[in-house]
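Chains D and L are the protein sequences, given in the same order.
Numbering-wise (the numbering used here), the first sequence opens with residue 1224 and increments by one.
Numbering-wise (the numbering used here), the second sequence opens with residue 1224 and increments by one.
It is worth saying that the hints were derived from the structure and are not from the lab.
The structure presented is a predicted model; accordingly, all values stated were derived computationally and were not measured.
Take these hints with a grain of salt, some might be off.
When chains are identical, the list treats them as one kind, so a pair holds in a single copy or across two.
As the list claims (entries may be wrong) - DMTMM-like mimics (lysine to aspartate or glutamate), calculated; alpha carbons at most 20 Å apart, straight line:
hint, residue 1, residue 2
1, 1254, 1266
2, 1226, 1285
3, 1459, 1439
4, 1279, 1537
5, 1469, 1529
6, 1605, 1357
7, 1254, 1242
8, 1259, 1247
9, 1417, 1429
10, 1228, 1537
11, 1286, 1297
12, 1259, 1593
13, 1539, 1604
14, 1459, 1435
15, 1293, 1335
There are 2 protein chains.
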Amino acid sequence: MEKVKPRTLTGFMELLPGEQIEFDRFTDVLKQSYIKYGFYPLDTPVLESSAVLLAKAGGETEKQIYRFKKGDTDLTMRFDLTVPLAKYAALHYNELNFPFKRYQIGKVYRGERAQKGRFREFYQADIDIIGDGELSIVHDAEIPAVIYDIFSTLGIGGFKIRINNRKLLSGFFELQSLSERIDDVLRTVDKLDKIGRDGVMRELGEIGVSDEAAADIIAFVNTEGTSDERLAAAEKYAGKNETFDKGLEELKTVVGYVRLFGVPDDNFTVDFAIARGLDYYTGTVYETVITEHPEFGSVCSGGRYDNLAEFYTDKKLPGVGISIGVTRLFSVLKETGFFDFEKASPVDALIIPMTQNMGYCISVMKTLREKGVRVQTYFEDKKLKKKMTYANRINAPYAVIIGDDEIAAGKVALKNLDTGEQTVCTAVEAAAIITE
Amino acid sequence: MEKVKPRTLTGFMELLPGEQIEFDRFTDVLKQSYIKYGFYPLDTPVLESSAVLLAKAGGETEKQIYRFKKGDTDLTMRFDLTVPLAKYAALHYNELNFPFKRYQIGKVYRGERAQKGRFREFYQADIDIIGDGELSIVHDAEIPAVIYDIFSTLGIGGFKIRINNRKLLSGFFELQSLSERIDDVLRTVDKLDKIGRDGVMRELGEIGVSDEAAADIIAFVNTEGTSDERLAAAEKYAGKNETFDKGLEELKTVVGYVRLFGVPDDNFTVDFAIARGLDYYTGTVYETVITEHPEFGSVCSGGRYDNLAEFYTDKKLPGVGISIGVTRLFSVLKETGFFDFEKASPVDALIIPMTQNMGYCISVMKTLREKGVRVQTYFEDKKLKKKMTYANRINAPYAVIIGDDEIAAGKVALKNLDTGEQTVCTAVEAAAIITE
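If we strip away everything but chain D, and leave its shape as in the complex, we get:
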């Protein structure tokens, strides 16, 4: 038979079994945190009507999407989890209870040019809290608490949640008589990390900002010090612009609550340089950087928005949320050697029969499973060496070796494959040792 060469498309992550165990453990940390904080699960279709999914989309989005026709139906694969949430909230408005808190962990699709670290299919893990007409600012402070919980549990070392407020930035630009160009200025300031002070100065000049105003802006967004020192520095501009004052007030409130939620000052900071330039945020904004890997950029970003679903409904649905790009985060951490795939095993123990009496092996397996041990039996008729190699290759921590002697004694030989230590004991005793 003529064979088709098997391959996986570029930009589509497909993991080896041990890697997949770690990936699942990773996403499970996110899921369990989201659940603990009272978020509903949500699962929306990967495919939606193009008219619905692209109601808001601009040119950049259009280019990157997977869009096609099936019969007469114009379909698009979702490119984020926010637009489907907006559709969902508008469509099911009467059946939802607000504040509506939901998490969604799912694949999204972007037909970007293939390059290292860029994926065309990737998981996003989002949470959003949606209000009906209004939404308490305390929610803005709970979001960093969730981020803190997740990144602490993942154990990826130091991290810092950078918090700012878009009103404060907009107000500051208004003070510089730049109210006409706030979006352009925001977008430019957002590039500070990427193109540096000089780059931002030059680009601000190009969009007509005077050197003096540009220097002021850069000095402000680069304000150094503790969160409290930065807030104090901002106070100097207070009382001159309503938007600025509102933003500063919100930011102070959020910082106060973030501390009450137990997020240590080591793990968050006020940072006036955070703009989330291209996004639709209107208040609090967040970015999260891993201390040892600033080169990853922000691994968890989000913010507050005034109106989630304005393209679908007249209802005003303000919200606050974040998104973690799980596939990218996993992929970059993998490159740093963060994961120990050698420890990833589908089993806690592998039963190795050295007998034809599979019935006894099966009864031992049943006992172990009832005690919560993940276990399988190597049923194939192979030499012991081959069976042990298999146990090592799947990283089984224990081998449960069963020969006719063990059967006669009603026992098993339990071998710790790490230390090589071997003991003869009952299946129940083996379960206790394995699950210890």
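Fit chain L to the known structure of chain D by using the hints.
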């Protein structure tokens, strides 16, 4: 602003929040069982190259698929989890350890004509055990053990796993001198449940089977009695056809091991009518019916195949597996009223502040979460009645009411929303009561 009417495509299941909690609980039962039995997780892309995904596909599949071009790339959305597994096993052959046991729970896509109970996007939950060159028949008996475990845990009442062997059927048809038409006969026999005895007689006649042979076939596949009685009835045909004898031997072996795995005779039966007509199975075949709902048809089917990846590789990779159509099963069970969505809540408790002191509420929330309680706080500034309505609408089992009196006493008022009972206690005591 002009609004786009929000809608979800026909044939794409989108659940309300409470329903989604139950759906997730449902799939989690499957996942935890699969993990306990030592299956690796696997996650393959939803999109694959059409040349790869359609290597084997016939006309029916081609019509039902979502296939499109992005630039020059011809893409297809996966229509099952078996073809991606075949690709994966062939592509990563050198990095896998055989037997390779994997589970995959994921969405698949079929552009079928929209009708009740038919989905265009739906979850499949598959397990397969793949051998390299050969695979012990004991695995064929472990599959029903997994099914038994899952359906017992789901608590959907009585169910029966029907087990047969394709070699036994094929051999029987050869005995009827129908070796040229085995596939057609299998396909027809498979319709017994749907079109009845007379329908099968007529269709067998149409494909040229004599009335006598047809009557023999129907009598054989309708053999009644216990599994042992049915096996004994089959013995009568033994010794005349090698394929039949091999199939009978395999079936007896499987039945023996299935019992050793602890599956009660109440939950499985030998059934010569099971053919899995359109599938590629070559040995053991399974179907599972829910006793109270035979109208659902088989909710979990599968079997043994000789060669998983023959379209991609010369390696012979025999396997055995099953697939559960999760979306359909959930959907039909939902219609029977099986789920109690009124009990589905995103929280174990809702904190209701009757104070402006949110700091105290947040510290109580922290304590509860540390004790494993899923909790959120109603931060919005609303009347108590509105807050209690919210608690009831999200089905919160408990309300933790905090006013200035409670704060002064360092306590909370814990209200059981089911009984109405209210007690004043510390946050730690509340956690103990809630998690009880």
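Okay, the hints, checked on the actual structure:
1. 1254 - 1266: Answer is both: 13 Å inside a copy and 17 Å across each meet the 20 Å cutoff.
2. 1226 - 1285: between (37 Å within a copy, 19 Å between copies)
3. 1459 - 1439: Classified as within; 13 Å inside a copy, 97 Å across copies.
4. 1279 - 1537: Within. Shortest intra-copy distance 15 Å satisfies the 20 Å Cα cut-off; inter-copy 50 Å does not.
5. 1469 - 1529: Answer is within; shortest intra-copy Cα gap is 15 Å, inter-copy 70 Å.
6. 1605 - 1357: between (67 Å within a copy, 11 Å between copies)
7. 1254 - 1242: Both, since 18 Å and 17 Å are each at most 20 Å.
8. 1259 - 1247: Answer is both: 18 Å inside a copy and 15 Å across each meet the 20 Å cutoff.
9. 1417 - 1429: within (17 Å within a copy, 74 Å between copies)
10. 1228 - 1537: Between copies only: 11 Å across, 52 Å inside.
11. 1286 - 1297: For residue 1286 and residue 1297, the Cα distance is within 20 Å both inside one copy (16 Å) and across copies (17 Å).
12. 1259 - 1593: Intra 27 Å, inter 9 Å, cutoff 20 Å: inter-copy only.
13. 1539 - 1604: Between. Shortest inter-copy distance 17 Å satisfies the 20 Å Cα cut-off; intra-copy 67 Å does not.
14. 1459 - 1435: within (18 Å within a copy, 100 Å between copies)
15. 1293 - 1335: between (22 Å within a copy, 11 Å between copies)
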